[in-house]
Amino acid sequence: MGEQITKFFSKLRPELSFSVTQDAWTAKLGVNVASRSEEHVSLLIEALNGLEALASEQPKTRAVGLIIDEFQRLIEIGGRQAESQIRAAIQRHKHVGYVFAGSKTRMLTDMTMDATRPFYRLGTIRFIGPIPRIDFEKFLTDKFRRSGFAVDDPAAITSILQFAEDVPYNVQLLAHTCWDQLRGRSSSESVALTTEVVTSSMLLIARQYDPFYTQIWAALTAIQQKTLLAIINEQGARLQSQKVSQFIGKGASTVQRSVSALIEKDVVREEEHEGGMRLRFEDPFFGQWIRAFPGTAAGLLLP
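Letter by letter, the sequence shown follows residues 9 to 311 of our numbering.
No wet-lab data here; the hints were simulated from the structure. In this text, a Cβ means the ideal position worked out from N, Cα and C, and glycines have one as well. Take these hints with a grain of salt, some might be off.
As the list claims (entries may be wrong) - Within a straight-line C-alpha distance of at most 30 angstroms, the following computed BS3-like cross-link-like pairs (lysine-lysine) qualify:
#, residue 1, residue 2
1, K146, K273
2, K112, K146
3, K251, K273
4, K273, K258
5, K112, K102
6, K102, K68
7, K151, K258
8, K273, K102
Unchecked claim - So the derived label-pair ranges between C-beta atoms look like this:
#, residue 1, residue 2, range
9, L212, S50, 42 to 50 angstroms
10, K151, P219, 26 to 34 angstroms
11, L211, P176, 50 to 58 angstroms
12, D118, Q170, 27 to 35 angstroms
13, S208, I139, 19 to 27 angstroms
14, Q216, K273, 41 to 49 angstroms
15, D118, K273, 16 to 24 angstroms
16, D143, V199, 21 to 29 angstroms
17, R114, P176, 58 to 66 angstroms
18, V28, T229, 51 to 59 angstroms
Could you put the whole structure together from the sequences, leaning on the hints where they help?
Dropping the structure here:
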């Protein structure tokens with residue numbers, strides 16, 4: 009296997025290591041950080057072709073697949089030419105299955121449904137929403153109870169998911185902070201998970217990340233800051249309404265440019281919702297920080 013990896017991925021600095029404790033080999037493929045950005049797509053093509061060659065020498069019973077997350081970033085960096093190059097490579101591959109995933113669903117939809125684009129109807133499209141809340145609630149409840157903490161009020165678990173907007177990373181962070189808060193209590197205190205514990209844990213996270221969030225907030229224009237406040241209060245919808253325009257003090261076209269800038273900065277993203285589009289924070293806790301600090305302090309939250 010080592011010889012095959014070196015052979016098929018020679019331009020990508022293949023590295024092999026063996027774990028004595030796990031009795032397993034690990035292979036890593038890297039690039040020179042000093043390489044020019046325009047070379048990155050060609051290096052990716054090299055990697056894809058190498059994977060196909062490696063897969064072709066495996067037994068037929070050994071399936072090979074590759075998942076590329078946030079695939080739209082490749083197109084943002086490499087442009088339409090990158091689409092054509094990647095399509096030209098993978099359409100010749102017969103031994104590797106591909107999953108191209110990403111959070112910017114509008115861009116991915118344009119790539120796969122526009123007849124003029126290289127990825128037009130290349131494969132099956134799947135929209136994956138959040139983890140079903142009932143499953144998430146059961147998982148979290150079981151974890152807290154196994155740790156010895158009572159969960160008498162289901163609203164406590166629901167509030168974790170609401171604060172985190174069902175984003176797994178944020179759910180994990182908030183749940184762990186709640187767990188840490190409960191663990192730090194003395195034996196004479198209540199060790200039950202409550203909505204008060206969740207709220208205080210959320211505020212603790214907002215304070216811990218305050219320097220980071222403050223930098224993001226300070227880098228935004230006043231109009232963009234007001235747009236974020238409107239997004240919070242309108243739950244990401246109806247940003248073209250007269251109410252929002254009056255609140256921001258600008259016309260609908262200016263509001264739309266502000267939204268586009270926030271999307272470009274990866275502060276918010278568009279998401280299909282109930283037959284339309286709504287805006288969501290890339291980091292839900294940034295929205296909670298805005299609620300807790302600049303929005304409340306300035307008294308700018310919509311009624």
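Now for the hints, and whether the structure bears them out:
1. Between K146 and K273 the CA atoms are separated by roughly 35 angstroms; this puts the pair beyond 30 angstroms, and the hint is violated.
2. Note on K112 and K146: the hinted pairing holds, with a Cα-Cα distance of about 29 angstroms set against a maximum of 30 angstroms.
3. A C-alpha spacing of about 25 angstroms is found between K251 and K273, which places the hinted pair at or below 30 angstroms, so the restraint holds.
4. Between K273 and K258, the direct Cα distance comes to roughly 21 angstroms. Compliance with the 30 angstroms bound is thereby established for this hinted pair.
5. In summary, the hint linking K112 to K102 is supported, as the alpha carbons are separated by about 28 angstroms, within the 30 angstroms threshold.
6. At most 30 angstroms may separate the alpha-carbon atoms for a hinted pair to count; K102 and K68 meet this at roughly 12 angstroms.
7. This hinted pair does not check out: K151 and K258 have alpha carbons roughly 48 angstroms apart, beyond 30 angstroms.
8. With a C-alpha separation of about 38 angstroms, the suggested pairing of K273 with K102 is violated against the 30 angstroms cut-off.
9. L212 and S50 have their C-beta atoms about 47 angstroms apart, which keeps the hinted 42 to 50 angstroms range intact.
10. Evaluation of the 26 to 34 angstroms hint for K151 and P219 yields a pass: the beta carbon distance comes to about 30 angstroms.
11. Range check, L211 to P176: about 21 angstroms between beta-carbon atoms, so the 50 to 58 angstroms window is missed.
12. The given range of 27 to 35 angstroms is respected by D118 and Q170, whose C-beta atoms sit roughly 31 angstroms from each other.
13. At roughly 25 angstroms, the beta carbons of S208 and I139 sit within the given window of 19 to 27 angstroms.
14. Taking the beta carbon of each, Q216 and K273 are about 22 angstroms apart, not inside 41 to 49 angstroms as hinted.
15. Distance hint check for D118 and K273: the Cβ-Cβ separation is about 20 angstroms, which falls inside the suggested range of 16 to 24 angstroms.
16. Between D143 and V199 the C-beta distance comes to about 25 angstroms, which sits within the given range of 21 to 29 angstroms.
17. Distance hint check: the CB atoms of R114 and P176 are about 22 angstroms apart, inconsistent with the given range 58 to 66 angstroms.
18. Between V28 and T229 the beta carbons are some 55 angstroms apart, a value that agrees with the proposed interval 51 to 59 angstroms.
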